[in-house]
Structures are given as C-alpha cells and as structure tokens.
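J.: So the sequences go chain by chain: A and B.
Residues in the first sequence are numbered consecutively from 51, following the working numbering.
Residues in the second sequence are numbered consecutively from 42, following the working numbering.
It is worth saying that the hints were derived from the structure and are not from the lab.
The C-beta atom is built at its ideal place from N, Cα and C for all residues, glycine as well.
Relax, there's no trap hidden among the hints.
For each label pair, taking beta carbons as the anchor points, the in silico distance ranges come out as:
1. GLY99/A to MET65/B: 35 to 43 angstroms
2. GLY99/A to LEU85/B: 15 to 23 angstroms
3. PHE112/B to TYR158/A: 25 to 33 angstroms
4. LYS63/A to THR118/B: 39 to 47 angstroms
5. SER111/A to TYR136/B: 29 to 37 angstroms
6. ARG59/A to ILE75/B: 27 to 35 angstroms
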Amino acid sequence: MRYLTDRKRAERKGASGTGTEHHWYMSVSAVALAFLIPTFLYVFGHALGQGRDQVAATFGSPFAAILTGLVLFVSMQHFAKGAQTMIEDYTHGSWRRGLVMLVYSLAYVITATGLYALVKMAM
Amino acid sequence: MADPKPIDRPLSPFMLGPYYRFQMTSVSSLLTRITGNALIVSFLLGVWWLLGAAIGGGTFATANGVATSWFGDLVFTLSLLGIWYHYLAGLRHLYYDAGHGLDIKTAEMLGWVCIIGSVALTVLTLIIIQF
Chain A
51 MRYLTDRKRA ERKGASGTGT EHHWYMSVSA VALAFLIPTF LYVFGHALGQ
101 GRDQVAATFG SPFAAILTGL VLFVSMQHFA KGAQTMIEDY THGSWRRGLV
151 MLVYSLAYVI TATGLYALVK MAM
Chain B
42 MADPKPIDRP LSPFMLGPYY RFQMTSVSSL LTRITGNALI VSFLLGVWWL
92 LGAAIGGGTF ATANGVATSW FGDLVFTLSL LGIWYHYLAG LRHLYYDAGH
142 GLDIKTAEML GWVCIIGSVA LTVLTLIIIQ F
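In isolation and in its complexed conformation, chain A is listed as follows (with noise of 0.2 angstroms):
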C-alpha cells in the first residue's frame, strides 16, 4: 500500500501534466458561481428594460458592483478554461493554439469591459 492521497497520484499525469489543476480551478469557480449567479440574475433581469439613469444607479450601488464585478471575474475564467477544453477536444495544432489565445483574448477583453464599465457607474 502506498500511503498517497488520489489527487497527488492523479498529478502531473497525461497530456499537459496540469489537468488535475484546471479540473480543481473549474470546481472552485463553478462553487462560487453557484453562489454568485442566482442573485445576479435577479439584479441584472430586474435591470434589464429601464431607464439609464436607474440602470447606473443600480450597478452604482456597493452591492450590484461588487457582485457584477467578481461575475465578470470568475465567469470568464470559468469560461475560458471551459471553452479551452471543447477547443482542445476538437482541434489540433495551429488552430488549436489560435483559438485558444483567441478565448482568452475574449474574455479579458469583456472583463475588462465590464469592469471599466462598472467603475464609471460607481463614481
């Protein structure tokens, strides 16, 4: 008998030796949207259809801006080593590492968007 945990016999095998890595990242984000998303869905719905004014009061407020902000966080996180995942399962060489930079790109790019958005809303 070998006295090792099952996660330090998973590490370090396969293809990219850190799957085990991503797999826990995906677990620890998809924990914190469990807890994330309800409530948001509630403010952005509610938001959705009114006037800009109340829209920016809305996200303006210390509660709204700092949930939307850790969304846009942990979301696009989430959804960048989702989608990397799908890309990597389905394609191979250049296109692979193309569209793989490319999801990043996307989702720093709406982070920073959104973040930037939301700062301007508070002050």
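Starting from the known structure of chain A, arrange chain B on it as the hints suggest.
T.: Showing chain B alone in chain A's frame:
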C-alpha cells in the same frame, strides 16, 4: 518505422449518432458544453449594454435598443434557460466527482432533473424579475 500517415480517428462528439446511440447521459453531458459556451453571446450583449449605461448618450440608446428588442429578449431568455441548465449540470458534475450518482438509473434520472429543472427555474426567474 511508424506509419507516416496519421490515422483519422473520430473525435468524441462526432461519435454520437453514427457510432453511439443517443443516451440521456451523453446528451445531457454534451448539452452542458453547448450551453456553457453559448453563454458568451449574452455576456457580449450584456457587457455592451453595461458599457452603454456607463458612457450614456448614443451608446446606451443603441445597446439598450438591441438588448430590449425581440432579438435581445430571445438571446437573454435562451441564455437564462442555458445558464440554469449549465448550473444544474455543474452541480451534478460536482456530485459525480464526489463519487455519487454514477449508477445508470440515478445518472439518467439526474439528466431529467437538469432538463426539467432548468425549464422550471427559467419560468420562475422570469416571474421573479418582474417584481
């Protein structure tokens, strides 16, 4: 010497249909991937709308016009269904990862929970956000 010609192996999603029968477990798993990745459309639209609200003027008028049009309603309503499906399927994933619910009967039942549950939660959310 290795065969210089690479073998053209079928990739996992394209095994469904021609090689494997459609089953609740495989289809509900594939739906998790489709819904998760499709949500990027509503994030693009939502962040554009937020940016519009921050800048104001014509940017908000245009973004809000699209976000509250029939197209925006369609994207956000389908995204709501997608996000609830992905939410339930994600919880199921955590449950599977902990080593539970992996017998066929439970696994198939959990697939139906994801599908029926996501429709119920979508309707519930659409009602709640009115207040």
